Structures are given as structure tokens and as C-alpha cells.
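Q: Each chain, written out:
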Amino acid sequence: MQTSRLQTAVLIGPGLGWLALLMVVPCGLVFVLSFFERGVYGGIDYVFNFGNFARAIDPLYLNIFFKSARIAGLAALIALLIAYPAAYAISRAPRRHQTPLLFLAILPFWSNYLIRTYAWIVLLNREGFLNQGFELLGYQGEPINMLYNDGAVVLGLVYNYVPFVILAIYSSITRLDPEIWEASQDLGATRFRTFYRVILPQTVPGIAAGLVFVFVLSIGNFITPDLLGGGRVQMVGNLIYDQFLTARDWPFGAALSFVLIGIMMVLLFLQAVLANRAQGGGRG
Amino acid sequence: MTREAATVLEIRNVSKSFEAVQAVRDVSLSIRENEFFALLGPSGCGKTTLLRMLAGFEKPSRGEILLDGKDISPIPPNRRPLNLMFQSYALFSHMTVRGNISYGLEMENLPKGEIQARVNDILETTRLTEAANRRPAQLSGGQRQRVALARALIKRPRVLLLDEPLAALDKKLRESMQLELKRLQNEVGVTFVVVTHDQEEALVMADRMAVLKDGVLMQVGSPHQVYEHPNNKFVAQFIGVMNFFDGETVDGGVKVKDEVLLGAVPPELGRGQAAAIAVRPERLEIANGAMPADHNRLSGQVVEIAYHGLDVTLSVRTPISEQAILVRVSANASDRFKFAAGQNLDIVWSATHSRIMAS
Ligand SMILES: Nc1ncnc2c1ncn2[C@@H]1O[C@H](COP(=O)(O)OP(=O)(O)OP(=O)(O)O)[C@@H](O)[C@H]1O
Ligand SMILES: [Mg+2]
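Here the protein sequences come in this chain order: B and A.
So the number in my numbering is just where the residue sits in the first sequence, counting from 1, plus 13.
So the number in my numbering is just where the residue sits in the second sequence, counting from 1, plus 40.
Okay, chain A solo, but in the shape it has when bound:
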């Protein structure tokens, strides 16, 4: 999904404040045609607020929003070709599933026959045909979620906005629905902007993602870019697990206490600046004999072993870091080495897996 597609939605320097709270600060983003875009961030970081501004329920305090190049601020929510799937679903409890889904088309005053055909179609796609004549109160959580989705999708919006569409579901169902959402998006060919606070969900579903913190956009990119090349400590920590060593930049690495750890220093960081060198637990290995020259090597002592089934996480105390370093080793390696708490070992990693960022 690296192919550049046309921009559908452009958010330009948008800010939003509610009295004392600044919910969104100077966010600029472009959403491309047909992509599955995830907005990720911790609770209260302004995700819902951003989505509500796109849908037209909040007015930006500053900045503008362009849809297909045109400013949409004068268009009221009921005439925006965007649809929002609410965090609470907001289904109409007095209507059947069919009534809920056909509502949006009735508002467009389409002919009865067309409405019926399109409703039947979407009931099929979202596997709700069986439940068509039931009321929301008689549905399971997963079914309700699909009604909310079908109700918004049937409008064929330019962009479908989904606010935590899977948050109300249990873990198993959530995982299967992640793939289901992706399938649906492919099938209907609509641009999706999905809000989530679950980083794994964003990584699995998104073509591209944006990470927000306190209303500020921290990074935008493909899941791979964001995971492998986080721009800053917040993103590095928020997405997945990360080990940090704090020190200052030198040529070709970061000096931590007396040790120089190798890694590419980004051009915007000069020499002698406070910086952190970061490495993911799954990039660390247990030293086994000699190692290539461009590798970092640290000796340490195992303090804890956590078993996950698929792999094992070791907490290793090193002389140059306050915090224990997490090392993820495969079940195979774990069998080979027979780890025990208190054991001394050496950790190694290639300099290409080091990430250096300002601290």
C-alpha cells in the first residue's frame, strides 16, 4: 500500500478547544482514497473530537477540513457525504434492524424498490439477514455492532468514520471482527477512518496510522514505519514494547555511561545531545560465541522469566540501565539455553536495529 492515491480528506492545522481543555492541537493529516486509516492514541487524547469535527458535530476552533479539495465547514452534518459510526452505536431502539438500516436511504427519499434492494444487499454482506426483523434490544453485542456498521455503510459515504468500532466486543470476537472489517472495507471500496486506543488493532487493520497524544499528532505512517521507525519516545513506547538506554549522542551511536552503543544517529540530532537509544525485545539475542563487528554487546543478569507459550520474555539487569532490559526469545532458544533466574549472560543486537531519538 505504498502506491500514492488521491487525497480524499485533508485536515489542515486543525485545533479544537473546549473552554479550558485543548482537545486537538494543530493537527494536519491527509487521508487517501480507499485506505484504511487508523487514529491511535491513549484515552482522552482527542480522537473522538477529531472524528466529530470531520462528521460536522464540532466546529474546529482553528484550521480547515477539505473534502475532495473543498472546505466542508459550511456543510451541516446531515448533508456531509461522510458517515460516523458512533462509539455507543446509537441505534434506534424502536426500529427493527431493517428499519435502522433503511433509515439513511429513506432520508435521501430514494424509491422504495431501490431502498429494499440495497438493504437486502447490505444485510447479506454484514450477515444480518436472519436478524432483520429484530429490535436492537434482542441482538448480541456483535450483531449490534454490525447493524451500526451497515446503517452507516449503506449510505455509500466518501469516508466512513468509525469511533472505536470494536471496543465493546470481547477479545475473541474483536480479533475476528478486525479481519471482517478489513474484508468489508475491501469489498465496498470505501475509505475508512477508524479510531482505536488498541495499538495491536491499529497494526493489524490499518494501511496507515496516526498516533496522537494530548491532542498533538506524534507520527503518521504505515504500521511498519511506525513500529520500526518511531519518531519519538512516546510512539516507541505506546506501540509495542521498547527498551531504552539514555545517554548522549556521539559519532555512530549513543554513549551510555562508559559504553558506546552503536546505531544510526538521525541527522536532526547533533553531537553531544541528550538522546535515547532504543531496541525492541524481539531484536535482542543471547550471545553465543563470537559476533560481527557492527553488533552491540551487553552483559547482564537474568532477574525474571515470563513464559508466554509462543515465546519467553527475560528481564535482564545490565550495569548501564536502571530498568531491566526485556529480551524476547523463541521457545526453541529457550529450550536450548535453559534459562534460570540469577544466570549471567550477554545480550547482543545489530546496530541496524538500534533506534536513536531525542529524550
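In isolation and in its complexed conformation, chain B is listed as follows:
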């Protein structure tokens, strides 16, 4: 039986409505806003111009974009390096252990994001648990400064997003035909070559999904850089936050937001293309 158009409309209507109301309309507003100017007293002057975009690509701000991309990219890469082996190990564990292991992987989500981030401060600061631990182990020198730098921000982001990457990769591994492992071995491949030639290429969609996910969420994140980076690490998220709430320059904030959204769209598109290719669609 074929679903009628009406049925289709009824089924996707609510989802589509939700998206339109809470995604498309606000994005449209942001987009429109980005072509106006900040008024003298913080309001908005409705004068159409491209000034905000010109300002957004000023080296001062462009550098913040690059720096954010570097931090987000690093976080994505490290998260992948941690999550892939974990997901692989879970997928190869006895079936009855898999669900409990996955549950453990996502356990951190049961506590609040802010609390988890503050916990890192408690761990990393000069009088924190780690430094105390080092002292107990006989370390004599100055306490090590582990907080308020790029590294702490990357650490915080990785910590937060690793579970998502584990899930993405786990699901792409378990989607594989279980017999391709054996087929590869049967044709003379060692375990390592099987992984490298057969399994890894076929999990590219999961890898891409994980990377893009971490990157997109990291580049726009402003809480982690604020808390773990102190005032020193400014990322695009913080910049936008400041434009809206401190500088009260909504049009410029909107322009910055829009550039960020553009970057994310391109990435998501690339990921979709990759996923499609890896699924054996398309020639060659």
C-alpha cells in the first residue's frame, strides 16, 4: 500500500512545523538583522548595508574564526582517536555486554553540563585534585597551571563530546555485514589489514558524522571556553555572546552568527556527500 500525500503531510507536518518555527524563522531574522547597523544608544538602525560582513572578515575577527576552528578541529580529532577504539571494542564484545558498555559511555550525560565543566575546574586548578595528587606523589615544584589555556578548552570539549562519537561509530560498525570480517580473513588478510582495507573505509560515514558533530558543536560553544579558558581563550561563540549581551551590537553579532552557520552548513553537506559515497552509491 502506498502512503497518500495527505498521510505524508500529516506525518511530517509537526516535525516540519517545529523546524520552521524554531530554526528557519530565527535564522531568517538573524539573516535580516545582519544587514542593519547598531544604533548610537544600542538599538538598531534600519539602514541596509554590508558593513557587518566586511567587519567580520577583518583580520581581528577572522583570526578568532581560525583559532576557533583550530580548537574545534583538534577537539574533533582527539575525540575521534579516543572514541574509535572504544566503539570498535564495544562492537566486538560479546553481544550481552554491548548495551551495558554503551550505557556506561553515555553515563556522564546524566549530570548537568555546567556541573561537569565545573568539575574540571576542581580537578585542574592550582590547588586542584591533580596538583594535590602530584604533591602526594612527591612532586616538589610550583603547582602546574593546567587551567585557563587552549589545552583546557580542548580537554573540556573532548570530554563532553566523546560519547556522541562513540555512538556514531558504534552504529556504523554494527551496520556492517558481520561476514565481511571473515571474508577478508579468508582471502588472506591479517586482522590489521582487514581493519585498514575493509572496516575503516566502510565506517567513513560514522567517522565523518562524529567529526562534524564535535566540530560544529565545539566551534559555536561559549560555555567551555568561558569557564576553562578563562578570559584568555576567546572563541567565536564568546565573541557572538559578547556582541549580543555586552557590546549590544546585535547586527554585528547576527553577521558573525551567519558566517558560523554558513561554515556548519558546508560541513554538514560534505559529510552527507561522503556518507553517500561510502554507501556504494555513485560510480567509480
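Since the hints were made in silico from the structure, they are not lab data.
None of these values were measured; they are calculated from a predicted model.
Where is the CB? At the ideal position from N, CA and C, for every residue including glycine.
Wrong hints could be hidden among the right ones.
Have a look at the derived ranges for each label pair, beta carbon to beta carbon [stated by the list, open to error]:
id : chain 1 : residue 1 : chain 2 : residue 2 : range
1  : A       : 238       : B       : 277       : 53 to 61 Å
2  : B       : 187       : A       : 210       : 28 to 36 Å
3  : B       : 190       : A       : 83        : 18 to 26 Å
4  : B       : 162       : A       : 114       : 52 to 60 Å
5  : B       : 236       : A       : 83        : 40 to 48 Å
Got chain B sorted already, so can you dock chain A with the ligands onto it with the hints?
A: Chain A with the ligands alone, transformed into the frame defined by chain B:
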């Protein structure tokens, strides 16, 4: 194919259990050089398990497997000179047909030139040259089956193991591929062990075949031997169609109710034992006047007539059997006799076509 060739693969008293299930029980078999060997049995009888033990993916719980006289149990699957064609084909979806086929040779680290030559060769033999640059998702079922075959064959294994290689194909294609497989096997001169649950397929393709039931080996022999001289009721019923009359052995036959049906009693069955006398539908004839002395004769009544085109199957009720007896008569005979349901007739068959087995 009665000429004795060297044994390539010897399976000695092999058993395999998975926790509660005994999948294979004490199977002993030898596979000979260059033969087309079929493993036949109903679903779940342990065919795949046996094949996976040969390929090295399962360890026998008991017994041993010898290849060219040497125990192969310590050799991992990737270094066994045996290749398995999987029931699901298990093609690599991210590689082209060429990539799939050359994979096994790349694993042997052969020179590029040699790989290319051998791949081109096998693409030719399996008629895949046209499809060489396509991905598995862009192939038909028959093409996919040939890629799986080419991928395993190119390794030039001592023995090629095929798990239900034709099961995924439709009937017409399956029939043509049966002959194709046979041709390929002849051409490459590799020993084939083919698993199937289709008895007709086994009869058509195999030089020799083994019949399994619940993990137990029931009979081994050429298709002719197995069909004409089944060892037991299971094999007799599983391969082709068989009529049975249950009774007990007497000298020179089996006594069924008051009737003695003639046939050779196998030496292992003594007198007075419960036994079945069996005869194939195509060995039965409709009595037409007098008959030789060594024939059995039964009177009966036609209850049903099934038309097959090539021939006609009559279901005949006899006084000595609960079940209707199936009689296969040629279209010619059918024209001559003009059968009708309810008609009375006599069935005859030569004692040489009787098969007597324990019941
Ligand atoms: N890994 C396993 N764990 C537990 N039981 C198994 C396993 N593999 C097979 N079995 C059991 O062993 C028996 C034989 O299975 P096998 O797959 O060898 O049958 P088969 O003859 O190939 O059947 P089919 O014609 O359906 O493919 C079945 O009862 C099956 O459930
Ligand atoms: Mg099977």
C-alpha cells in the same frame, strides 16, 4: 567418475557443539582431488558449520581435519589454502568488482602486473569484464554471485568451499548456473565442496555427495548410488520421491500384511525384522496382461491424477498401505490408458527395483 583419485581433504570423526546444540556429530568424509562434492541436507543440519570448520572459522569440538595428509587445525583461516564463498557473498561494498577480486592477491603481496593479468583472466572466465568497474550495489544477483565466486577462485585454492552458492538466484538462473559452475570447475581444475539443501541441484552437479541429517552423516556416494541405493528411509525420502510399504523381512522380500513383496534383503537385515520395502514412482508400471515371475503385482484404485506436462503422476490406493502409492507414467502411457479417478488397475514392478531398508 568412479576412478579413485588422491584424497585432498580428510574429515575424521569431527563433531561440533554450540553450548546446547550439537551441530555436527562424528562426521568422517574424504574429499578427492578435483571432484565436485556436494553436502546435502535440510536446513539446520550442520552444513554451514561443517564448511566453516574446514575454512577455519570454527574449531571442531572433537576430531581432526587433514589437508593433503596434514592436520590443519593450527593454521588460521587467512593462511589456509582453502577459500570459502559465503552464503551472503560478503562482498566489499566500498570496492569495485575489480577491487573485490584483486583483494585476495594483494594480500599475497604479488607483483602488480601479475595481479592485473590474473584479474583480467578471471573476469573473462566469469564474464564480468563489462562490470569490472562497478560497485556491488550496481550489480544483478547473478553478477554478484559471480563476483563472490571469482574472488575466491582467483586465489587458486586447494579446495573451494561454496555455501549455497545458488540459493539467492531465481529458478531459471539457478539452473543455468548449475551447469556454469560445473563448467568452471572443469576449466580451473579445483576441488569444489558445495553446500546445498536442494537435492536436484546436488544430483545435477555433484560427482559425489554426502547427505546430512541433524549433524549426522547418513550416506556418501555418487548421485546415482545415493538415488538408486539409499541406505535408509531418510535418504530415500529426502532425495526424490519414494513409496514405502512397512512390514517384516522374509526370505527374498518383505511381508506386508498378507502379501509378500519381492526384493533383495540386505545382508545386515536378518529374518523377521521390521523393514520397509521402497520403490520409486518411475519404476512402477500399469499391468498390461501377463507379467514375469520376479515382478510384484498390487491391485489398487486411482484416487488422484496430477498432470506435469512431461509425465503424469497417479495416486493409487492399495489394500496394504495407508498411504496412496505414487505412480509416474509417461505422457504416452497416459494417452493409451485414459486414466480416470476411481478406476481400478494393477501396479507392477520388477523385484530388482525394490529397495529394502530398516524402518
Ligand atoms: N554460532 C552458533 N551458535 C549457536 N548455534 C549455532 C551457531 N551456528 C550454528 N548453530 C546451530 O547449529 C545448527 C546447524 O547450523 P548450520 O548453520 O550449520 O545449518 P545449515 O545446515 O547450514 O542450515 P541452512 O541450510 O539453514 O543454512 C543449527 O541448529 C544452528 O542453530
Ligand atoms: Mg547454512
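Q: Look at the Cβ atoms of residue 236 of chain B and residue 83 of chain A and judge whether their distance stays inside 40 to 48 Å.
A: violated (58 Å)
Q: Does the beta carbon distance between residue 238 of chain A and residue 277 of chain B stay inside 53 to 61 Å, or does it fall outside?
A: The hinted range 53 to 61 Å holds for residue 238 of chain A and residue 277 of chain B, with Cβ atoms some 55 Å apart.
Q: Falls inside 18 to 26 Å, the C-beta gap from residue 190 of chain B to residue 83 of chain A?
A: Holds: the Cβ-Cβ distance is about 21 Å, inside 18 to 26 Å.
Q: Taking the beta carbons of residue 187 of chain B and residue 210 of chain A, is their distance inside 28 to 36 Å?
A: Holds - the Cβ-Cβ distance for residue 187 of chain B and residue 210 of chain A, about 31 Å, lies within 28 to 36 Å.
Q: Between residue 162 of chain B and residue 114 of chain A, does the beta-carbon spacing fit 52 to 60 Å?
A: Since residue 162 of chain B and residue 114 of chain A have Cβ atoms about 54 Å apart, the given range 52 to 60 Å holds.
In this structure, only the earlier hint numbered 5 is contradicted, and the remaining ones agree with it.
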